[in-house]
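Novice: Protein chains in written order, with this note's numbering: chain A, 10 to 119; chain B, 2 to 116.
Honestly, the hints are just simulated from the structure, not real lab data. All C-beta atoms in this analysis are idealised placements derived from N, C-alpha and C, irrespective of residue type, glycine included. Worth double-checking, as some hints may not be accurate.
To be verified - With beta-carbon atoms standing in for the labels, derived distance ranges: (1) B/Gly-98 x A/Pro-19: 34 to 42 Å; (2) A/Pro-17 x B/Gly-73: 35 to 43 Å; (3) A/Ser-37 x B/Lys-79: 32 to 40 Å; (4) B/Leu-40 x A/Asp-66: 29 to 37 Å; (5) B/Gln-15 x A/Ser-61: 44 to 52 Å; (6) A/Ser-62 x B/Asp-72: 16 to 24 Å; (7) A/Arg-75 x B/Asp-72: 40 to 48 Å; (8) B/Ser-109 x A/Pro-119: 22 to 30 Å; (9) B/Ser-114 x A/Arg-85: 35 to 43 Å; (10) A/Asp-86 x B/Glu-103: 23 to 31 Å.
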Amino acid sequence: RKEVEQDPGPFNVPEGATVAFNCTYSNSASQSFFWYRQDCRKEPKLLMSVYSSGNEDGRFTAQLNRASQYISLLIRDSKLSDSATYLCVPYGGSQGNLIFGKGTKLSVKP
Amino acid sequence: EPEVTQTPSHQVTQMGQEVILRCVPISNHLYFYWYRQILGQKVEFLVSFYNNEISEKSEIFDDQFSVERPDGSNFTLKIRSTKLEDSAMYFCASSRGQVTNEKLFFGSGTQLSVL
């Protein structure tokens, strides 16, 4: 089983749409989880951390289900600038060993 | 917002040559990392560095790779004898504390092309 599995997409949505991404991870010992976004050929940038109780940051909501080893990201009212690849990133348990998946590509169209 | 800076942005080298990729982490950060991303693939962890020594390294980080913090500001990745499969974008990153508690800041990367 891959360490991190995500639907590669692309998800093509109109502006204003709500879109959800899912991710499963294999390491049950992972304690911390993050969503990063990566624009084409750019560095990953932290979007938000994912907390056990779920958390929201503006238009973005993250959920964690430890029992199912499943993380989700919901984006409401999509903007053109949200077009990017979204990376689900569990923390591997060591210093700096973030485990990146290949990500889900989102394309928001006018 | 403070930045991690990497130089050069692009590096072309011949197979078998040594390359040094340079990074200036954010000044008050204590943890430093190198990641790489082969075109079309996922971002992969190479090595983490803290208190002037390697904290952890991946299987990718073999004897051909080394890291150094030669002074108080630079953090370098050396590839001793480059191979074609070393062609990738190399990202340096730093954090103030352990990544469970502190945000990881990535530099904009060095695109390494081995011919």
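Novice: Each of the hints needs a verdict: does it hold here or not?
Specialist: For each hint, the structure was consulted:
Separated by about 36 Å at the C-beta atoms, B/Gly-98 and A/Pro-19 satisfy the suggested range of 34 to 42 Å. Checked against the hint of 35 to 43 Å, the pair A/Pro-17 and B/Gly-73 passes, with Cβ atoms roughly 42 Å apart. A hinted range of 32 to 40 Å for the beta carbons of A/Ser-37 and B/Lys-79 is consistent with their spacing of about 36 Å. A hinted range of 29 to 37 Å holds for the C-beta pair B/Leu-40 and A/Asp-66, which are about 31 Å apart.
For B/Gln-15 and A/Ser-61, the hinted distance range of 44 to 52 Å is satisfied, since their beta carbons lie about 50 Å from each other. Taken as a hint, the range 16 to 24 Å is violated for the pair A/Ser-62 and B/Asp-72, whose Cβ atoms sit roughly 44 Å apart. Between A/Arg-75 and B/Asp-72, the C-beta spacing of about 43 Å keeps the proposed range 40 to 48 Å intact. Look at B/Ser-109 against A/Pro-119: about 28 Å separates their beta carbons, and that is inside 22 to 30 Å.
The beta-carbon spacing between B/Ser-114 and A/Arg-85, approximately 40 Å, falls within the hinted interval of 35 to 43 Å. The supplied range of 23 to 31 Å is met by A/Asp-86 and B/Glu-103, whose beta-carbon atoms lie about 30 Å from each other.
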